[in-house]
Structure formats: C-alpha cells, structure tokens
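This is what each chain is made of:
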Amino acid sequence: MSYCPNTEKEQQEMLSAIGVSSVEGLFAAIPAALRAKHFDLPQGMSEFETFDRMKAVAGKNSSDTLNFIGGGFYDHIIPAAVDHLSGRAEFYTAYTPYQPECSQGTLQALFEYQTAICRLTGLDVSNASLYDGATACAESAMMALRVTGRNRILVDACVSPFSREVLKTYLFNLDVEIVEIPQADGALDRAGLARLLDDTVAGVLVQNPNFFGTVEDFTSLAAEVHAKGALLIASVYPVSLGMLKSPGEMGVDIAIGDGQSLGNPLSFGGPSFGFIAAKKKLIRNMPGRIVGETVDRNGKRGFVLTLQAREQHIKRHKATSNICSNQGLCALRGLIFLSTVGKEGLKDMASLNRDKSEYAKSRLTSIPGVKLLQSGPTFNEFTISLPQSSQPVVSALLKKGIAAGVPAGEYYNGLENALIVTVTEKRSKSEIDRLAQAVQEVLQCN
Amino acid sequence: MSYCPNTEKEQQEMLSAIGVSSVEGLFAAIPAALRAKHFDLPQGMSEFETFDRMKAVAGKNSSDTLNFIGGGFYDHIIPAAVDHLSGRAEFYTAYTPYQPECSQGTLQALFEYQTAICRLTGLDVSNASLYDGATACAESAMMALRVTGRNRILVDACVSPFSREVLKTYLFNLDVEIVEIPQADGALDRAGLARLLDDTVAGVLVQNPNFFGTVEDFTSLAAEVHAKGALLIASVYPVSLGMLKSPGEMGVDIAIGDGQSLGNPLSFGGPSFGFIAAKKKLIRNMPGRIVGETVDRNGKRGFVLTLQAREQHIKRHKATSNICSNQGLCALRGLIFLSTVGKEGLKDMASLNRDKSEYAKSRLTSIPGVKLLQSGPTFNEFTISLPQSSQPVVSALLKKGIAAGVPAGEYYNGLENALIVTVTEKRSKSEIDRLAQAVQEVLQCN
Amino acid sequence: MQLIYEKSTPGRSGVKLPASDVPAAAALPVALLRKEPAGLPEISELDAVRHFTNLSRRNFSVDTNFYPLGSCTMKYNAKVLENSAALFAPFHPMTALLPGGEEFCQGTLGMLHELGSLLAEITGMDEVTTQPLAGAHGEMTGVLLISAYHAAKGNKAKKKYVVVPDSSHGTNPASAAIAGYEIITIPTASYGDMDLELFKKAMTDEVAAVMMTCPNTLGLFNPHIKEISDIAHSYDALMYYDGANLNAIMGKVKPGDVGFDVIHMNLHKTFGTPHGGGGPGAGPVGVKKELIPFLPSPRIVKSDNGKLSLQNNNKGSIGRTANFFGNFGVMAKAYAYIIMLGKEGLIQVSEQAVLNANYIKARLKDWYDLPYDMTCMHECVFSASKQAAKGVHAIDIAKFLIDKGYHPPTVYFPLIVKEAIMIEPTETESKGVMDAFIEVMIEAAKQAESDPESFAAMPVTMPVTRLDETKAAREQNVCCAD
Amino acid sequence: MQLIYEKSTPGRSGVKLPASDVPAAAALPVALLRKEPAGLPEISELDAVRHFTNLSRRNFSVDTNFYPLGSCTMKYNAKVLENSAALFAPFHPMTALLPGGEEFCQGTLGMLHELGSLLAEITGMDEVTTQPLAGAHGEMTGVLLISAYHAAKGNKAKKKYVVVPDSSHGTNPASAAIAGYEIITIPTASYGDMDLELFKKAMTDEVAAVMMTCPNTLGLFNPHIKEISDIAHSYDALMYYDGANLNAIMGKVKPGDVGFDVIHMNLHKTFGTPHGGGGPGAGPVGVKKELIPFLPSPRIVKSDNGKLSLQNNNKGSIGRTANFFGNFGVMAKAYAYIIMLGKEGLIQVSEQAVLNANYIKARLKDWYDLPYDMTCMHECVFSASKQAAKGVHAIDIAKFLIDKGYHPPTVYFPLIVKEAIMIEPTETESKGVMDAFIEVMIEAAKQAESDPESFAAMPVTMPVTRLDETKAAREQNVCCAD
Ligand SMILES: Cc1ncc(COP(=O)(O)O)c(C=O)c1O
Ligand SMILES: Cc1ncc(COP(=O)(O)O)c(C=O)c1O
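Protein chains in written order, with the working numbering: chain B, 32 to 477; chain E, 32 to 477; chain V, 7 to 488; chain W, 7 to 488.
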C-alpha cells in the first residue's frame, strides 16, 4: 500500500499536462550511472498485517516488570484526557505554526505551555520546547557561553550522566572547557565548586533533585555564582516542582529539564520534550521557537512566533541554536497534563511521590546492611548502599520481574554498591513491600 | 471523583441566588419517609485505579482464542481510521441532531450512511439505524403488519434463532401469528413455505446467507410472495453483499441486518447497529429516524431529520416504532468502514472471506467422517456434520484455545452432530490448518 | 460540503486488504451474484479522513459547547470510560454461548452481573437485566414483563390499559403500545404533577401499569408518588419508572422504595456514557422480586463459588429482547463510571445537578415565564410565551443561542408547556459556564423586546441557515442517487 | 478565545489522584519548599477538554486541509502508525541499560536495529544511528562525525570549513557552526544548482565537509552531484546529505551511491510520521563504513544468534547526542510505514510525489513566474514577482489561500528566490484535490491583476486577521502574568 491515490487514468492525464510520456521521464535528470542498483526491501503489506507485526515486536519486550527505575524518565500517571486531546488531528497533523491566522490553536497552546513552564520554574520566559532534557543542558550551556562571552562551564557530577555526556558531545568542537565537580555523598561538593568558581566561568550547571535523588537549595550558590558574573543553570524535574523551591526562588538564571514526566509515556525513551526558561533579560539568547502575544488588525488578541531573528532560518550559522523541529506535541501533552492535574493536583502528586518514596526508603533501609547514601533529603528517588555490588543484585531482581533501581556504579567510580531507587505515585504499598522483600531475599542468597 | 466542578464558595453563591440555605433544601419535595435508607455502593476511586480495575476485568476473559464462530457477529478487520474518525469528540459527544444547523456533521454522515445502505441492499430508502439485527427483524415484521393490515408472519427456521426469539418477544402481545417453516438441509423448504403462503400472510422473513451459511436466491420467492400481496423481508449480512445478489435485485421489499461486521468490534455483543432498507413506497411505515436532504434559506444544501410524524415524540402510541436513541455512532462507523474499504475493497473482502471459507471447508470435509450439511453454496460460514455430537467436540476444542464453531444442535432438534463454522478474512491458512488438525485429533480421541 | 460519493473517482481505493494465502474458490453461480459492485465511495484513505474530520467540525457537542438539552442529561463523558470500553473489543459474544464457553468469559459476564447489582442498589430493585439496548427498548421490555406478570396470574385478558401522564415522554406510550396495551393519558394539574383526582378516577382493574418518571419531565418530584403507587397496587396495576431522570435523585430516594416495580435506566444519561449523535445507549431494566421469573433470557447467574453462568431455560421468561447481552461496550463505560464515582460521588452528582438547575431557574425566572414555579430537580422548564407574544418563539431563541455558541435547550417538550424551553445543565458544568449562558439568555430576552425581527435570520454563524423541513418531508430525498 | 488561565477558578480541580496507601512523610525543611504552588490552571476536566478541543479547531492540518508546504513533506499520516506507536508506551528506556536488561528489551532494540538496516538500504549507507531527535539534530551529529573522522586522521586543526550552497536550509550552516566550523556559502547558478565553478574555486584542503540536499530546495536534482563529490573527496572533504528531500528519490538513486558519506533522514517527512504542530520528528543518521567507529553511543548491535545488545564503550564515539535511544515512538511509526509500504510502495511514493509536483508546476507556470524552469522533483518553486509588481506579495497570496481553505505553500524560502512560493503536494494527494487548488491559485493570480488592493485585508475567515508581529517582538509578551 503506498497511499498514492491517483488512478492510472489520472496519471496519464497528468503526464500529458506535463508533456512527458512516462513517470520515468521525470527522473531523467538523474544520470543512469547513478541509479540505484538494488533496493532490497521487503514486500509491502496491509495495515492489518503491519499492526500484527508491530504487536509481535512489542510482545518481545517484557511488559510486566515492576518499575523502580527513573534516571530521567519517570513512570507517572497520564490522565486519559491527555491522549484524547493531543490526539486531535488538527494538533498532530499540523506543521510549525508559520502561518499564524490558521494556526491559532497550536500558537495559543504553546503560549499557554510557555506560561506553565514559567510558573513552574518561577522564571520569566520560556521557549516552545527543545528536544529533551539532555540537549536542553547543552543548549543552556551554549546560552551561558553566548551571554557571558566566557568559555568555561562547571558541572556538578550529580547532574545526570546522560546529560553530561550530551553536553560534552555538543561542546566538543567549541573552544570550551567543561569542568566536573566530583559528587560528595550524592550531593554537590560546595567547597569544591567554590575553589573552581572564578570570573572565567560562564555558567554553573546543577540538578535538583540530582541523579542520586538528593534535594538541595541553591539559593546561596546563585549569589556566589552571580558574584563572579556567571550564570547558574539548574536542571529540574517538573513533577518535583509541585513541592520544591523553584529555580526562580533560588535565583537561578536558566532552568531546564525533561518534560517526559508531564504526560508523556515512557515509550522506550522518547519522544519527550526539553524545556528551558530564563530570566527576561536573556530572552534574545534563547534557543528555539518562542510564541508571543500580539493583536490583529482589529485589536483582537492573537499569537505569533516571535523573535525569529534568533533562529536558523533567518540567522543561519549565527543563530542561537540549530534547532528547527522541536517536540511541540509533547509540550502540548505537558500543558494538558498540567491543566488536568491542576494547581493543587500537582502539589498533591508531588506529596504522593515523596510519601511513597519515604515509605520505600524506610522499608529498604531496615534491611540489614542496607544504608542510605545521601544525608540530605530526597524527593521520589533516593540512593541506598548495599552490602555488596549492586549490579548482580539488580540483574537477579530483574529476573524476578522487578527493576529495582539504577546501579550507580555504572556511572560513578567508587559507588559500586549504590543503588538509585525511584518510587512514583503509581507504586502501591504492596508493590513497595514486594520490592523490599525481594531485595532482602536476593541479598541473603548472595 | 464526581466531575462536579463547583467550589464550596460557588455553591454558596448559587444557593443564595436560589434563596435556600443548603443543597438539602432543594430536595424538600421528597418526603422524609421516602428517603433512601441505604446506598451501599463502594467508595469511589481515581480514574487510574478505575482503569486498572477495568483491565483486571477484561483480563479474566481469555483473549487468545482462535475464532471460527459467527452466528451473527463476525471477526472482521477494522481499518484504524474507523476508530480515529468515529472517535472525534464532535461526533460521539453530540446528541441526536434535533437542531440541524449545528448538527450538519452528524446529519450529512447519516445521509451518507443511508445512501450506503441503499446501495448495498439495492433498495430505495434506509433509516438512520435501529438497535441491532435481531430487533430489526421485529421492526420489519411490524412494518409488514402495518403495511398489509394482516396478521401472519412466516419465518424461515434458517433465520438466526436469536432473531427469531426477539421477533417472538416483540410480537408476543400483538395479535399476530408467527409460523416457522422448518429448515431442509440447512436451506429454506420452499415447498413447505408455498403450502403456508396465502393472502392472510403479511410478510415472509428469510435470511441470506442463512444461519447455516447457505446462500440462496430469493428472486422467484419474491414473486410468489408478492402474488399473495405479502412482503418479502430478507435479513442480510452486509459483508456478503460485496459479492452476493442484493435484496433489491431479488425483489425483496425490506432488507434488514446487523451492521456489526461493518467496522464495529465484537465487544462481547455490542454495541452494533441494525439497518433497515425498503422500497420507496414503504417509507412512511419505516421505524426510527430518517435524514432527508433539503436546502436552507439561501438555497444551500443541508440535511434534517425528516418524516418525524412517524415517530414517538410526535405520534406517541401511534408511532411506527418506540425507538428513540438508536445506534448512530455505530452506523457512522459502518459508513467510515465502507468508505475506507471502498467499492472494490468490499468486493475483494467478500472474495477473501469466501476463499478462506472454501479452503476450510475442503480441509474439514476431508477429515474421515466429516460431511457437509448443506448441498447449496455458502459464503464465509458453512455447516459440517460430525460423526458424533458436536457439543463435546466444541468444548474440547475450546480448551485447546479454538472456538471451532457453533453447535447447531443447541438451536435445532435433530442437528446434534452439526457444527457451523465461520472463516473470515482474518483467519490465515495456517490457522485454518490448525483448526482442521485439532478437529481431527479431537474426533480421533473421542 | 460535498457528499463523500461526490468525491469518488472510479478506480480510486482506500485501505488495502491482506493478500490471500489460500487458493481462489470456484465462482458462485451467477444467479447468486450481484450484477454490479455496490456504489460505495471510491476514495483514498486521506480523502476519507479529511471528509469525516471536516464533517465532525460541523457539529456542536459536549466537548465543544455547553449543551443544556433538557431530558437528555448531556453531562461530560470522561475519557477514561472510552479507554475502558476499548479493552473489551476483541471478545466474541458467541463464546459465552458455546458449551463450556462461560468459563472463558468470566470477566465480561462478571462485569454485567456486578453492574446489575450496583444498579439494583441505586434504584432499590431486586434484579436487573442488562439486555435492553436503549431507554425505549427498556420500556418495552419492562411493560412486557408486567404483561407476563399479569398473564401468569391469569389476568392477561383483563388487563388492557397502561396509564401515562400527559407530560410523559413519547416513548412511554409507544413502548406500551408494542407491548399490546391501550393508553390512558392523565393531564397535568396546576401543581405540575399528574392530576391526582383524575388519576384516581381513571384507575380500574383493567389497568396493567402506570408509567411515570419522577422527577417528571417538568423537573418536579411528585410528593404524592407513594400514594399513587399504593392506589395503583390496589388495582393490581404495577408501577413503571422511566429512569431517564434518575440523575436527580441518586442516593436521595429509590424508585423501588416508593412503590415502583419496574424501572429502566438510561445509562447514556445518568451514567456518563456518550450519546454518539443519537446512540448507542443502554437501557437496563430493574425489577422487584415478583417479576424476576419473567426476565429476558439468557440470565447471568452467579453461583456460590463466584462462577458466572448463563441460564437459558427460564420457564416464564419473556424471551430474548436483543441479539446477545445488550450494548456491552456502553455498559463497560457505565460500570467504570459507577465504580469511579462511588457512593459519595453519585450522591454529589445528583445534588449538584439539582443545584445547577435551580440556579439557572432562579437567575432566569425574571426574564422567562415559568409555568410551574417551584423548586425543580435536575432540570427546569421555562416558556417563551412572553417572547412569543412579540413574535419570538422558543425556536428563535434556540437559533439565537446557536449563534452565541450554545447548544439550545430542548424546545417544545414537554408538549404540555407551550413554547417550552427545557434546561438541564447537568452537574458537570461550572458556575462560570452557566453564568455566561445566563447572560446570553437574558440578552435574548432583551433583544426579543427590542428587536424581535432580528431573530428570523438566525443562525448566521453556521454552515447553513434555517432549513426547509417541508421540502425535505415532501421530496423524501433520503438517499443520494447512484 | 480565553487563555486557560483566564478560565481558572480558585479551588476548582480536575483529575483526581489515587488516595495514598502509605504514611505521610515528614515535611521537608522550609528552605527546600516553594512558597506558593505554581499558578497552574484550576479548572475541571470538562473545562480542559472543551478548551483544547476548541483550540484544536483553530488549526489547519493535513487531516482537514490540503497542506502543500514546500520542504515539509506534509503527507498523510496513516492512522495505523499512531496505533502502532502506542503499543510501546509502557517500556522504560532505563531497563535496557540495567545489567542484564537488554534481555527484556529485545523487541524495541530489535526494531531500532532493523529500522537502521532498512534506512541504510534506502540511502545506500553502511550503518545508521537512530539517536538524533530531528533533522537539525541529525545534521549536528553528522558534522560531529565528520569532525571526529578528520580528528582521527590528525587533521582536526587543518579542517576549518564547511561548504554549503546558498539554497540550503538554515539548519545546515547552523548545525555546522555548533560542530565548530566556519561556513563557506556557494551561490546558485542560473541552472538552479550550486555554481560548479565557484564551488571548485572554494574547495581547499581546509574544507571538512560539503553539505547538500539533492534534490535541492528548488526541487532540482543536481546532475553533477557525482562530480561534486569526487572533487570534495579529492580534498578529503566528506559529503553530507541533508535527507529532508529524500521523498523524491526512493528506489531511484541512493545518496550513498553518488558519493555521500553521511546523511540524516527526516522520518517526519519521508516516512509518514506526523509533524505534531512543530515536532517531534526523528533524524537518524546514516554513515559509510569509515565513519562507523565514531557513531554515538550506545550502539545497538546484533550478535550472530540474533540477540540485540548495547555497546557503550565505542572508543572513537562522538558520545551520546540525546538522553536515550532517540524518539522511539516516532521511529516505531516510521518502521511501520516502511514495512507497510515495502519496496514497491516506497518507489511509488517517490514517483507519485514527483508526478504531482510536476503537474502543479505545469498547470501554474503560465500564471506565476518560474525562476528555474526545468523538470522538478517532489516540489516546485514559483515566484510571485509578477504579482508583487502589482503590490500583491507571496504572503498576500498565502492569505488568499487561507481564506479558501488551503494551507499556503512555503513562502520566502529558499531565500535565493525572491517572493518564493514553494509547493510540495506530496504523493498522498489526488489529482482532484490538486485541480481544485490549482484553480484557486489561478483565481489568486487573476485577482492580483484585477483587484490587488483586495488582498491586504485577507484573511477574513479565520479567528484573527493579520497579526502585528512587530508588536510581539517589541513587547516580548511570551508568558501570561500570574
Ligand atoms: C423522559 C425520557 N424517557 C425515555 C426516553 C427514551 O430513552 P432512549 O432515547 O434511550 O430510548 C427519553 C430520551 O430522550 C426521555 O427523555
Ligand atoms: C531542507 C531541510 N533541511 C533540514 C531541515 C531540518 O529538519 P528538522 O526540522 O527536522 O530539524 C528541514 C526542515 O524543515 C528542511 O526542510
């Protein structure tokens, strides 16, 4: 099935209007020598067979694993309305709203999305989405470089290792030095950072809650960073902002993060969306599309893509970013999620996450030999230290159908026994009990 | 969760506008003695818990049974577009289109549906749907009674036993005699019918293909029926009309049937829709809603509910039927199914059904002791005679995960060994082979 | 917009079918074949998608507009209900009817059985059949049950009449007629309920049943309801409850407690399932003990060990009323709705539905005539008689509302109120939405005073203006010529 | 329409959360808590549903309108693709990264691996990474790969430039800049392709890569493409192929066969996945053998026994370019698309896309200026210069089209064509749809002659008229005040 509708007769009519005798004639510009010599693809099939095949593919993944893993993607509830509304064809089969009059739906939704991100983060301006949380780290660092004209970035090692890797990839060829501050018991080593912070630093990148789940207050850090003329960038987990001090309240300059937890399914890692919000004065250095409010000829409110002079289609290599397609539909899902869960709802959801996580923490740390890694408080993710290497424990538990957590040793030398456990509102008490029981059993057997 | 949005404060404001002090005050008209003494329902829950519960309910049905059963409901493909389009909120959250200007979507779709039914059946007029195929039998019989002013209905026993039961239920209190013509080798006993056909008969009800799967030509029957001043009513299986002679071509007066096979899921028996089409002159006796074409004040084409004087909301007990809510959304699914599968597609689909069924027929009848019941041709359903009672065979096969067919003995005395087997386009050759293999094995064991 | 048939091009095709993996069968005899393929659309999948997507955009609906259509309970249809029903798509109903087949359908049979129990508790009935496919279908089923009851007592010949108030919905008498009864209609008294004295006079031993809805279609709860049912019962007439207005009274009063013997419920009204542009709905019927033997077959029964099975051989049963087990998908939604809202949630539904209706009534009664001015339940019925005096009729106000983006209330029903405007906001609408609607209703009333002529041209914002219904009825153009 | 925040009422709430089944935790220190809950909407679920449903109705889209937006390949997005992607919703990507976790993800890892192989065959490449999240992300990844290649040869310092034609998409130079290169831009010659002589002059040992798309953004296939790549290779510059226009050439010619070393594909263009109002897309990158060592990690590898695993420790890898494995859901759709259409289907896609574009070109060239009048591939670029002379600019014609129900073509791109109107019908549109569009385009041309002033007011059929972009940029009102 090619979904090509024209009949043989219509094709003939079109060819004669064009004045060529065959479709092949339209490809005459391609020299014969360059033509494809083989095109070894399978035979096509009907949509019904296709869907059966896709079910078979999905069926090869195990689908009943009990999840206590996070690491940037979180298994949260998604209100049914999110699928139904983002599934409106007018949203998902439209392109970027370059023609504003016939795209007010997308434009207003993105303006509302930007507002939600500003309000969540406590900052002034937001763009209309980036690719994901990791690339948002890179974009925010590039923003700091542009704004300050400096070329060093300090990064807390407690920032997600994936984000740090992506940051390095992006900045590899730019004349920039990335300095990592080793973690200290699952938290930022403030003294270590203070030693490195000077007026060559463009930006300092931290994460809250960090990869170990530790929650910190970066208010004083912001003052220190600003004192050196640098920007403070915080990567945040949006669901936690139902409870935690916002980047804006801490004095952070740029907040970024991954929006998957806001109404986007795990979907083996994507699509989700990255968000970025900043203080107003940084707006001209923001990457990506921004929607702005304006009026039409009758003075009626309307929305347009604005400040496009920052973007690649105008500025080409001088643009603030190369991003063109973003993750608009996922951002819309985020907005719908935040709208249906609502103001009090997000607060309650954050509490529920923390309550469940604290319960799991108390259950797990009462297993002999299991200790908490961090001394600071946590949100819905925390790190325990096992009496042995966590890797074989995790793989033994996986075979029992439990993804018990992320072994920190895969990403941090010296933390081979550490296990990062995530507990969202979707996990019931009895599932947490099952986890604790299973961890205890596996530890006893080993 | 009650989905009741008003806040405490708003409720107070509303109460004071009304002039009562509490919501309870609004129920003062209900005498205290009559108040509910208990209301023992479970505690409510969130939508997430609700959905989990529903999954658990569905999980208690076995979902991997290989289906060779029909009996009125058929396991056909449903193009993905059917769900997406009938899932447009403007279709499914609207009411009956009583206000035509803001309901042209539903009205035009129903007009197109009526057209599709007329074209499929070869008749002139269709309504906008009935409840299901069985109740459509009853409605068509009542129509024949009204039109002829007579009070006998002859029914071929090869008509679905469910339809015949519903017919009896509907007509039980109406001064009507229903006479069944016993089946003859899975087909209409024409001589038997001829003996009963006289000018007291209002209508003759037949089915094509019938419950045994036999395909017949009722053209000469129509002439005989008309000669006695009676109406011929045929219940038809719409997918078969991709291939089979239409009721209109046979001279049938009223065609009815169940539309489930047109894009509606099996869904444990419903919702589907009943359709009814008739010759033009019968239109004022049609039951249910009918959409008609007209023009607006500017001469622009538009659609309205028409001939409403037939209906209960105007005619009350003199109406042609009591039906009010029908199965509009299922009819819309039927239209979308027919539009996406299309003219040639339905023809091809019918061929595919017959090809698969003939293959199964040849496989099954080559098992020693297994014979074909009917001598006439069949479409996608046929009846075999086993060397033993079919009931234990069916239940043994069910345990092996195969619903091998419907034991005719449950509905027809003397056919205890007969098994009605259905094969749609969804069954693959290897699945059919598996059926034949399994039948052979079970027969050998018994 | 063009008809889908007008978009056809010969030879164009949509969805592709799977290729055949079996030999082609020998052709059928020509006499059995159709001459020409049916004239179905010949369009691409994209054509179909665009056509139906654009058609949908020509509807008002609950998801796009406030839709206070009286008697229809156009409440919000929660999206999780749609997802829930979809879980059951693959289950073939015949499986349950195969020998040994119930074993494979314990989930679906169990859900139907539990839904029946929940509905019985809500309505005060002893058993519920889920087979009827809509409200009217439930009515017919219910009256047939009543008839079977009388027949079993040897009273079939004697019991000839069904009594209905004149405010009743048209389906009530229509359903009773199919069930073989003649109709006695009782007028409504000035106090908004069936005239009690006339009712008493009409009652005789020949009355088989009294069909009522309570609150009635004026939105009023009849305080004499127990007296009425006692009177009916004294003549061995059974009380039938039209459950279309159940949304008003959940947890407050149960039809079974006030003397009703049979009830149908409109799951598509009270229990949050969508109306689908006219259907499908579901109309389960609840009965008191005495009527259980007559329930449609098959009945779903639960044994002591919790196993569900089908009982086909009910001796006294009125028989089957529909193909299988009713509109299962609709019932799955209603079941999910009930367990989601739960006890407190359902009580709140009725309370808020009544509060909302009374609020609109209070705010509009200075502007529109209120023929029965008492506390209403879930809906209130105004009359546009004041406006009609100026030449602006209920239908004109309806068209005014359309231009303002509101689906009109029900107009001209109940038939007993001239120029009726029947408003049912439902509990899922917020005060803000209602306030905006009230403002527009007031604007309509003012404009009816100041500029009554302006209404004739309305609506102007829709794809069509007012349509010529006479032409439609005369020409009977109900199918597009091939 | 009101903003969703303007519909808020303090205390109103939407979706209910599950009740807690664990003890409440001790509160966090105040210093860690936010002072006020974030100012999110306080609305009911119905409010949200109505708001977003009505918002959606303010968009044009492929499912509602012909959308011939050049360079964007707005083809029909088959509904089965949506259903297919939904199957993968529950799978956590971290599972695959746990010790022993790959075993539990053989379906998803296998699909990504197979998709890579299919894309490699389509483009003539040796291996594909599915990590990049959109076209531009693929470009950056691709140029970083090229840079790693040069670095591995010890040429990092020497290789300073990336060459792009002036017709290239803005992302090309922008991506190359992130990858650390300076840009050399080559003008387009009168024959519609990059000026060959100027290109030759620009080439030196310092050029790291030449980035091209072929057909280019004028819709023209460059017949000298092999010569260009030979020249580039002679300077050890690698050839980068911007796959945005791949829809024109599937099965006809493979970028890998004509000398390209690296390619990104826009799955959201060529492979039928929806654009989502701006995203998400997916931008897998294919490379020739020499570049495999530098591919992003983790790489998905298939062992001889068919087991899939992740390879994290690629020595030369440029590293991770995104969080996990790319936009998996988008790739699931593209994979389903490819296996559904198959070999013949994909060839037909390109043939029909090219046929459709040439048909529109032929029919409109008497009405609009065609700066490069040769056989085009999947899109054609007109200029509204004739009309502009009358004061009717490309943007005015765009607004005319909006009023007629058509999404306008791309205007003012490529930048090298004045008053550009870039039309890409795609293969999923039928002749009937295009004929109607052509008529409207002709009507616009005529009206530009007869009544040029009339365009200024357009569009008039939309919720808003033309918007004040200057005000938006000046006021920077990008967030609704709390
Ligand atoms: C009061 C009343 N009774 C009965 C009915 C009939 O219900 P249904 O449409 O489900 O057959 C209705 C429906 O409008 C009604 O409002
Ligand atoms: C020619 C060309 N190259 C590259 C891109 C960038 O692709 P994306 O938007 O997926 O980043 C586009 C998208 O519009 C394009 O048209």
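Possibly wrong hints are sitting among the right ones.
Said to hold, decoys possible - With a Cα cut of at most 20 Å, we get these calculated EDC-like pairs of lysine to aspartate or glutamate:
1. E:68 <-> V:127
2. W:166 <-> B:206
3. B:457 <-> W:350
4. V:258 <-> E:71
Said to hold, decoys possible - Listed next, the stretches of chain W that the computed footprint assigns to chain V, with coverage defined by at least 3 CB atoms under 8 Å from CB atoms of chain V:
5. 8-21
6. 73-87
7. 277-284
Since the hints were derived computationally from the structure, they do not count as laboratory data. We treat Cβ as the ideally placed atom computed from N, Cα and C, and that holds for glycine.
Against the structure, the hints:
Between residue 68 of chain E and residue 127 of chain V, the direct Cα distance comes to roughly 11 Å. Compliance with the 20 Å bound is thereby established for this hinted pair. The suggested pairing of residue 166 of chain W with residue 206 of chain B holds, with an alpha-carbon distance near 13 Å, which does not exceed 20 Å. Proximity of residue 457 of chain B to residue 350 of chain W is assessed by CA-CA distance (about 46 Å); at most 20 Å being required, the pair is judged violated. The hinted pair formed by residue 258 of chain V and residue 71 of chain E meets the criterion: a straight-line CA distance of about 13 Å does not exceed 20 Å.
With 3 residues having a Cβ less than 8 Å from any Cβ of chain V, the segment 8-21 of chain W passes the three-residue criterion, so the hint holds. Residues of the segment 73-87 of chain W with a Cβ under 8 Å from some Cβ of chain V number 3, which satisfies the need for three, so the listed coverage holds. Coverage of the segment 277-284 of chain W by chain V is violated in this model, with 0 residues showing a Cβ closer than 8 Å to a Cβ of that chain against a need of three.
In this structure, the earlier hints numbered 3, 7 are contradicted, and the remaining ones agree with it.
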